[in-house]
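Q: Top to bottom, those sequences are chains A and B.
Sequence positions in the first sequence follow this note's numbering and run 1 to 495.
Sequence positions in the second sequence follow this note's numbering and run 1 to 213.
Hints may be right or wrong, so weigh each one.
[As the list claims (entries may be wrong)] With a straight-line cut-off of 20 Å between C-alpha atoms, the simulated SDA-like cross-links for lysine to any residue are: (1) 6(B) with 307(A); (2) 305(A) with 18(B); (3) 6(B) with 361(A).
[Claimed, not checked] Stretches of chain B that chain A covers, calculated by requiring three or more beta carbons in the stretch to come under 8 Å of a beta carbon on chain A: (4) 121-129; (5) 132-145; (6) 170-180; (7) 186-197.
[Unchecked claim] A short list of chain A residues far from chain B (calculated; beta carbon distances all over 10 Å): (8) 33; (9) 82; (10) 115; (11) 226; (12) 261; (13) 262; (14) 273; (15) 302; (16) 308; (17) 344; (18) 372; (19) 403; (20) 453; (21) 456; (22) 489.
Just so you know, the hints here were simulated from the structure itself, not pulled from any lab data.
Just so it is clear, CB atoms sit at the ideal spot from N, CA and C, and this is done for glycine as well.
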Amino acid sequence: MRSKMIGLAISGAVCLAPAFARDEYSRNFDKTVTLGAGQSVRVEHRMGSINLHTHGSRDVVVHASIRVSASDAAEARRVADAIQIEVAPAGSTLNIRTEYPREEHDGFFGFHNLSYSVSLDITMPETAPLELHNTFGSVDIAGLKANGDITNAHGKLTFRDGRGVQRLENQFAAVEVTGNAGDMDIRNSNGAVDVSGVTGLVNVKNRFANVTINNPGHGATIVNGNGSVDVTNSGGDTRITNSFGKVTVTGVKGNLTVNNGNGEVEANNISGAAELDTSFGAVRFGDIGRTLAVHATNSPVIGRKVGESATIENSFGRVDVSEIRKGLRIVGGNSPVTVADVGEEASLKTSFGLVTADRVGGALTVEDNNGAVKASAVRNSANVRTSFGAVLLDGVAGAVDVDNQNGAVEVSLDGQACRPVGIRTSFSTVRVHVPDHASYNVTAKTSFGKIHSDFPMTISGDMSADSLNGNIGSGGCPMRLNDNNGTIEILRGKG
Amino acid sequence: MTFDCKDLERALAVPELLPDARKHAETCDACRRQLWLWGEISSVAPGLREEWETPDLWPGIRRALAAQQKADRPRFGSRGGWRDWRLMAAIAALLVMGGAASLWKYARPAPAPAGPQDPDFLTEQTLKEVEQSEAAYRASIDKLARLAAPKLTAAENPVAVAAREKLLVLDSEIDNMRSTVSHNRFNAELQTELAALYRDKEDTLKEIVQRAQ
Numbered sequence: 001m002r003s004k005m006i007g008l009a010i011s012g013a014v015c016l017a018p019a020f021a022r023d024e025y026s027r028n029f030d031k032t033v034t035l036g037a038g039q040s041v042r043v044e045h046r047m048g049s050i051n052l053h054t055h056g057s058r059d060v061v062v063h064a065s066i067r068v069s070a071s072d073a074a075e076a077r078r079v080a081d082a083i084q085i086e087v088a089p090a091g092s093t094l095n096i097r098t099e100y101p102r103e104e105h106d107g108f109f110g111f112h113n114l115s116y117s118v119s120l121d122i123t124m125p126e127t128a129p130l131e132l133h134n135t136f137g138s139v140d141i142a143g144l145k146a147n148g149d150i151t152n153a154h155g156k157l158t159f160r161d162g163r164g165v166q167r168l169e170n171q172f173a174a175v176e177v178t179g180n181a182g183d184m185d186i187r188n189s190n191g192a193v194d195v196s197g198v199t200g201l202v203n204v205k206n207r208f209a210n211v212t213i214n215n216p217g218h219g220a221t222i223v224n225g226n227g228s229v230d231v232t233n234s235g236g237d238t239r240i241t242n243s244f245g246k247v248t249v250t251g252v253k254g255n256l257t258v259n260n261g262n263g264e265v266e267a268n269n270i271s272g273a274a275e276l277d278t279s280f281g282a283v284r285f286g287d288i289g290r291t292l293a294v295h296a297t298n299s300p301v302i303g304r305k306v307g308e309s310a311t312i313e314n315s316f317g318r319v320d321v322s323e324i325r326k327g328l329r330i331v332g333g334n335s336p337v338t339v340a341d342v343g344e345e346a347s348l349k350t351s352f353g354l355v356t357a358d359r360v361g362g363a364l365t366v367e368d369n370n371g372a373v374k375a376s377a378v379r380n381s382a383n384v385r386t387s388f389g390a391v392l393l394d395g396v397a398g399a400v401d402v403d404n405q406n407g408a409v410e411v412s413l414d415g416q417a418c419r420p421v422g423i424r425t426s427f428s429t430v431r432v433h434v435p436d437h438a439s440y441n442v443t444a445k446t447s448f449g450k451i452h453s454d455f456p457m458t459i460s461g462d463m464s465a466d467s468l469n470g471n472i473g474s475g476g477c478p479m480r481l482n483d484n485n486g487t488i489e490i491l492r493g494k495g
Numbered sequence: 001m002t003f004d005c006k007d008l009e010r011a012l013a014v015p016e017l018l019p020d021a022r023k024h025a026e027t028c029d030a031c032r033r034q035l036w037l038w039g040e041i042s043s044v045a046p047g048l049r050e051e052w053e054t055p056d057l058w059p060g061i062r063r064a065l066a067a068q069q070k071a072d073r074p075r076f077g078s079r080g081g082w083r084d085w086r087l088m089a090a091i092a093a094l095l096v097m098g099g100a101a102s103l104w105k106y107a108r109p110a111p112a113p114a115g116p117q118d119p120d121f122l123t124e125q126t127l128k129e130v131e132q133s134e135a136a137y138r139a140s141i142d143k144l145a146r147l148a149a150p151k152l153t154a155a156e157n158p159v160a161v162a163a164r165e166k167l168l169v170l171d172s173e174i175d176n177m178r179s180t181v182s183h184n185r186f187n188a189e190l191q192t193e194l195a196a197l198y199r200d201k202e203d204t205l206k207e208i209v210q211r212a213q
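One chain only, chain B, in its complex shape:
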């Protein structure tokens, strides 16, 4: 939204508008001074605050809000919880996968490799390294996917449904791509595409784990 001076008062009461106010104040002396004064008052105000006991008010509101949000919010993994050994195993698998991915990134060719050879194709040695790294990477992803699967299949909220659908699409495409690559293994473009699909799957699984946390 376009911010001007008359919005300043509202911005001081609405935290979401403060970035707009600060940006506007960079070019407006009057508002800059108002913001500075507000900052000064804010620093003094805590010393003037008075508090009194309302022991029953907030717990009641919090219980009501929690119950409402639990009923409304589609949050993956909300049933049963993820704070168990499988979550720890998933995080460990992610770390292993990160290592494998790094190795593959070193081993596989850059999208536009330079060198005396034709950049369209891998050498035998590079292909060997790529295939070894891919196998390790794939094993790590599969392990993580197996750990995530029970929670993913149990949840029926939109986040889980979307994640399941995306993983299904990616798995299908990874199978197709591996089949294509098997007939054209030295083709650098195909290997790069396959790596991109694995990375997409890795990112999706990471997102699922993060949401579950």
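Bound conformation, chain A alone:
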């Protein structure tokens, strides 16, 4: 049905075409001017594209294609002839300006019944500075080996193979840069920015569109909003501020700072420190050379390999990290926390989630609420606080201190050396696995439960089913077990 209607519309258009016939006229403008020493080039244009390239000579070659559409040929020609291309020196600058007749602004020409466009093709000395302004047309610049200041709107801005400090600005259209030996400052809004091969520092400010930067030689600073940011192989410190879009960074020789909001963050292969902030989006990382700091809300945090210490603050999202060479501090909430292969001390805090810690090189401190705690191969002391969840500690090579409520506690002590033990819980079992030949001074007390020991004990004082004070082996090392409404078991463990 729709195709029939479109067919009818096209047929109607063909039948009516003679009644709406229009004429077009086009003419060319060509001028060559030799640029004086030290002179720069300034271009001011609108309603058409600019194609600018460079060469080794001092000549500026200007070619313009002027096109007009009007109700008859004479009118089209009259207007085309009235459009002027000015190429004139003014002090230290050569001005190239497109001038449209004044009447266009008040609709004098046939009640707005005409249209026009001018495309410019300019060849200029490669070492002359350039200032260019355009609107309503694309701009393509290639081979500029001097500083440039380029402003465009409503047309794609392309810059290639340049050298020098460049400032590019656009609106409502893309900016694409491939190659510049020098710094690059780019402003855009409502248009994508795509940059590659800039040897200097890249500075980008954008809104409502995506930013992609590859190989910025001296790093990058990006402020974006409502779009994604993607940076690859940055040669220096990189700072990114964004919102409502994903930030992806792969390869930074330096430090990385990401401040995102309502978007994911992914950072890999960062040689320096990384600071990653976001909300309502996952944080993923890998191979951070120095310290890592993550501040996130409502976001899972997942990653591995940090060269120094790591600090992660989060809420409402799981944390799963491994291979932290130095210390690790996690403050989470309402989510599980999983860590493995931490080189030094680990401090883990969360609530309503399981805490799992494997292979911790220093002391382990866990503060949980309404969640179980499971830890193994801890090379120093373990200090655990939780409630409404079991605590399972296997292979702790230091003092053990567990404060639980309404949850079982099971601890396997590692080696025969003294590991002071303090365990408190209620409404569940306390189970301690003690290596053969280890010696402890045991104080155990419970209510509404029993005390059991695999080891022969030398009892001192009164003994009952729910309270005892005595020695395993030669005693000495303190073991204090307190339960409420639960059984206490002292079992033989690994030697």
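Given the structure of chain A, go ahead and fit chain B onto it with the hints provided.
A: Just chain B now, kept in the frame of chain A:
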């Protein structure tokens, strides 16, 4: 992140890592077998599951989480709700707008039109069709914008603020562009730019409505 065999165990516990594990398993026989075994166990495991009643636990947690998230999360339209007649009207307007947009897309020239005429300019007939379609498209967008406005202006969260700002910028630019086009109506490039601005506004309004849903 770079995935290797020792990450497999963690990946089985962390759903976010499973795609990485599967990708790694494509080139690693040992991990592929582990993943296959895990799949087999997972298929048997549900039959072994035991359940018991904890009637008060989850409702309590859910209430706490809901209260926390409501306090923290900037969610457009969270006050008052969108499930009313205006939402239905907005969806209807979107459908109408989609039709108008399709018509305009047919009527307006392609970015690089081919033909015997100079592709820089529209013909009289094409311009007429373009202007008619644009008017219908604009009316639909305006209707949707009016329906969305009360919720958009009431909300103070970052999403709504950003949407308001973007719409403000787009409206201003659409006005400028229409003024420019009025002096150069047959210029195909300008008409294409104007259409792009309308599409951007349409997409923004659609996003607002979707978020509100």
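Q: Hint by hint, note whether the structure agrees.
A: Outcome of the hint check:
1. 6(B) with 307(A): Holds - the C-alpha atoms of residue 307(A) and residue 6(B) are around 19 Å apart, at most 20 Å.
2. 305(A) with 18(B): 18 Å, holds
3. 6(B) with 361(A): Answer holds: residue 6(B) to residue 361(A) is near 19 Å, not above 20 Å.
4. 121-129: holds (count 8)
5. 132-145: violated (count 0)
6. 170-180: Since 4 is at least three, the answer is holds.
7. 186-197: holds (count 7)
8. 33: For residue 33(A), whose nearest Cβ neighbour in chain B is about 27 Å away, the distance exceeds 10 Å, so it holds.
9. 82: 14 Å, holds
10. 115: 3 Å, violated
11. 226: Violated, because the least Cβ-Cβ distance between residue 226(A) and chain B comes to about 6 Å, which does not exceed 10 Å.
12. 261: 7 Å, violated
13. 262: 7 Å, violated
14. 273: 18 Å, holds
15. 302: 6 Å, violated
16. 308: Answer for residue 308(A): holds, closest chain B Cβ roughly 18 Å.
17. 344: 21 Å, holds
18. 372: Residue 372(A) is indeed farther than 10 Å from all Cβ atoms of chain B, at 14 Å.
19. 403: Holds, since 22 Å exceeds 10 Å.
20. 453: 32 Å, holds
21. 456: 39 Å, holds
22. 489: 24 Å, holds
In summary, the structure is inconsistent with hints 5, 10, 11, 12, 13 and 15 from the numbered list given earlier, while agreeing with the others.
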